[in-house]
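Each chain, letter by letter, is given below.
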Amino acid sequence: MSRKGGKLLLDSLTRSAKHFTKSEVECLVKLFDTLVAKASSQFAGAGFDRTVFRDTLYHAFGMTDDVVLDRVFSTFDKDNTGCITVVEWVEGLAVLLRGTLEEKMKYCFAVYDLNGDGYISKEEMFQMLKHSLLIQPADEEPDEGVKDLVEIALKKMDYDHDGKLSFTDFEQAVRDENLLLEAFGPCLPDIKSSMSFEQKIFREVPK
Amino acid sequence: MGVALARAAQWTSAGSGTGTLEITPLNKALLNQIIQFVEDFSTKHPQEAAFVFREPLEWKTQLDSSVFGEGYEINEAAVQSQAKGKDGQPLLILSASTLRVRSFDQLSRLLRIAMGKKLKEAQACLEANRDPLVKILGPEYETVEGEDMSILQLFDKVKKESDLETELKIKIILLLHQLDLQLLNSSLKQISQDVRLNPAAVNNEVNFLKNFSGQGEDTVLESLDYTSDYMFSNGCRAPPWRQVRGEICYLVVKPHDTDPLCITCSTAGVFLNGVTIITDNEGEDIDYERKSDLYKDIVTFLREISPRFVENIAKQVCIYWYLVYFFVQMFIGRNCIVNLAERLCSLLKITFYYSFVTIWNWRFCLFLFSKASSSPEDVGESSSETDEDEQPVRRLEGNTDLSPEYWGIQKLAKYVKGGDPTATVIALCSMRDFNLSEETCQLAIKDTGCLEVLINLLDTEEIKCQTGSLKILKEISQNVLIRHAIADFGGLEIMVKILDSPDTNLKCLAAETIANVARFKRARKTVRQHGGIKRLVELLESISVGSSYQAKDSETARCAALALWSCSKSTKNKKAIRKAGGIPLLARWLKCSHTNILIPIVGTLQECASEPSYRLAIRTEGMIENLVKNLSSEHEELQMLCASAIFKCAEDEEIRDLVRKHEGLQPLSVLLDNSENKQLLAAVTGAIWKCAISRENVLKFQEYKTVETLVTLLTNQPEEVLINVIGALGECCQEEENRGTIRRCGGIAPIVELLTATNQALLVNVNKAVGGCAMDPENMLIIDSLDGVRLLWSLLKNPNPDVQASAAWALCPCVENAKNSGEMVRSLVGGLELIVNLLKSKDKEVLTSVCAAIANIAKDQENLAVMTDHGVVPLLSKLTNTNNNKLRRHLAEAIAHCCMWGNNRVAFGETKGVAPLARYLKSKDPLVHRATALALYQLSEDPNNCVIMHENGVVKLLLAMVGSTDDTLQEAAAGCISNIRRLALATEKAKYG
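Same order as they appear, the protein sequences are chains A and B. Per my numbering, the first sequence starts with residue 79, numbered consecutively. Per my numbering, the second sequence starts with residue -8, numbered consecutively.
Hints were generated in silico from the structure; no laboratory data involved. Hints may contain errors.
[Said to hold, decoys possible] Label-pair ranges, simulated between beta-carbon atoms:
#1 B:Lys566 <-> A:Thr246: 53 to 61 Å
#2 B:Asn707 <-> A:Gln250: 47 to 55 Å
#3 B:Thr586 <-> A:Asp254: 19 to 27 Å
#4 A:Asp254 <-> B:Asn707: 28 to 36 Å
The C-beta atom is built at its ideal place from N, Cα and C for all residues, glycine as well.
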């Protein structure tokens, strides 16, 4: 990438991902470059793939849930090429680290809407919650507990009573109760790991 | 039977061999049971009854041959039974009044024959055969302390060879054991009715406790010793002259958790006596006075004194009883429990003693068991705080129907318990859809065990779970039971830790929940001990208060202040807040304009204002200005808290002045118009009362017509308002103008009416107000017509010294200003005697006020005569040795006035009242000088008094006072000197002239 091109890119990124300063963007780009270098050069240096992405998020934010991580990848990968470009990377992290509640709601909904049809269906909830019960009640069928849990969640969040969650439902539920932002699995870094991540990456901000 | 006889029965002179059974109710009961048993034996157990004893039971009988009839061969004085044993010997032989019996069959027949002499015979038999078992079954069945193996041996025998005789023996022995147990039980009942202790019982108890005492963690006591090693022949250790009072011995006990105690054991019970234990053992004099309640034995006493004792004895006894129970279950069955208990005790190296000890221990163990299961709550923390503390009371007790909420919550609880953070959060959010302010839901959360999980969640790293849990806890901690449960589960400690969390929202929730939980003493203590106060104060600090503070910051401060408000009800927490640097922060937040923050901030301040250090800070940090400003807030609670803060602060004069300077008196007056909100009214009237202590403030209040408004508040108000209203009026009365105002507004009647109230704080204020009003002669007319003096006088009988003193003070202006006051006072039957007797009070203020009243009453000659008859002179003389200047002044006044009757002057001299009075002249208080000079002048009319005064060097001191600017003092001093001088001259004349 040429020096001039790099500068142009930085400027446009600072504009699009408005939560970061220019120098912070620079740091993120630098990180992106290292990640690309680490990845197999399948995308000719333009980006990195799912595995590297998953690894990075795992190490940076301790996110482990594969189902969720796959979905996070898909939300980052807006053009659906299987490759995270530098723009997608910076804009994605902007939401993750510094997003407003609105941005985060959109992001989370997108993550949870597994098939991208604009609704979180019962099946999708089941898929996301199926490993959430650490202790299975002995006297019930293994899935029964999860199904009940899905019903509980739906009862709580399905404001229009259509048996599935639209974005409006989701938005309203989260506004009423912020804790429901990550209702179906952690997809945002918690406060501690995002703080330490920012500290680590932005520390070497060139003055 | 053996055991019971050996231990339960009361034998005289415990020598071996032929003791005699005392005729006591207990023994009679035992004998009757034994007789019953033997009489029924032959019909109930015919086979066993035929069993021939190894040796005959032999005793001197009072029966003669004539009573024997069918079945006996009678040969003059000798009798033989027709029934014979296998060896051909008859089973009953009577010869020369010695009776030998060899079977139960014969025994029961004999008893039936004996008729009215049954009891005597049975007694004689048992006295002669101290261990019947040996005679009946053989020496191997002797009742042995500690090591009774008879039953086990028999079992072994039965296993090996099952012959008829062994089987019979076993049956007999079991039957006898059964009887034994019965006897023990019934004697147990007898004994427990009889609380009186005896030397043997005390000795046993002491020995028993000694076994469990010594150094170490698990012992019940550190030490336990008699004060005297010498034991009198009757078993007592107390000196004979104390024995007549029933005292047995004295013990020095050192529990683990208190200082050594000295206790007295008497036949009436055990109690703490007044000995102070001196380490060098010298000068240790037993103070026999009873210093505690009476307890029925040492253990009961120690239970009250030492929590550690209870704990440890429960431990020891648990082990012991567990073993007993275990063995009994294993081997034999219930009827041998006594023997086994002994055996096990010897295993545990517990020495058992004859007579009562077994039974006593039974009683003791059962008693401890019943207590051990009761909660350890009653041990309690000791705290100096006096504020009322809430007690958790479950209101829904008995309601066994489970509500639908219960099932709903239980279902969600399952996910909270067994889910990962995601599932937990969903369940927690869903739980919040229940109405958590309802008690059913709150208790359902507790009863499903969910509460514990919620608290455990706080201890995780999952911020979302912590938040969700705290949101619920914050709601349900409105409930007293839940609050206590949260504290019990250690929730407070974790919440205090959360106050350090980086998540602001979480911190706020934790602080708010702490605010809810810390409504009782123990919780507040926990918060302090875990550094909660410091952290909460830091939360107040975390931001810059200014125009540009953020919503989040003020929310944090609000929550922190709420928690501090709750915590500040404990004195130690007030101190902790100050130490953590909370005062400047409170002052800073006091300047903000947000009601929701101001309320907890002012709430904390008014709570803390009971401490002088806070009042100083409130003054120096300029908080009065803001408190005054917020009196005009829109919000009634805030107004109330500000008024309450001023109420408490205005104890200090500087603060009263500051309130005036910041124009706080007007808003206070204005707030009186809001008479619907009683809490507000109480706080406002309180503030007015305290502010009115300063005269300048009273003038301001006059300007605002506050007195008029206050008079309207004299009726139909709750007590806490009345106390303050009356207090305020009492202060206002110090201004002459207001006395008239009160009269004109019709305030006298309702005030006098309140003299019949019962609340002591109220009465003190009412007395003061009546006294204030009585300074105006016109008011006095009304008071007199309402019988106010009689009411005041009757309050002298109130047990509270404050009420007595204030009533006596109020009487002074009444007596002074009433028309015909002498007649009025005389009309109160017994009144003068009552007031004279109050000179025996121990309270300085009562004495002072009564002296002042007596000085006024004594102005009437007749009344003075009556008081003299009631012995006012010696009582006044007795008081003269005091250093209290106020008392000295009024006492001297009273003496001066009391001199005016009969030979009272002489009497004061004779009762040694003059010399101390002379010393009053050295006091620094000019008012004392004046009163003393007047008294001395009066006393100097008597020559003997002059001599005493001269000896005490009054002349020189009086000479200085002649030069005083105070005319009265001048005159009195001069008069006194002239009296002394005249006497001296007369003496000289008599000598030389």
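> What are the numbers of the hints the structure violates, in ascending order?
Replying inline: 4
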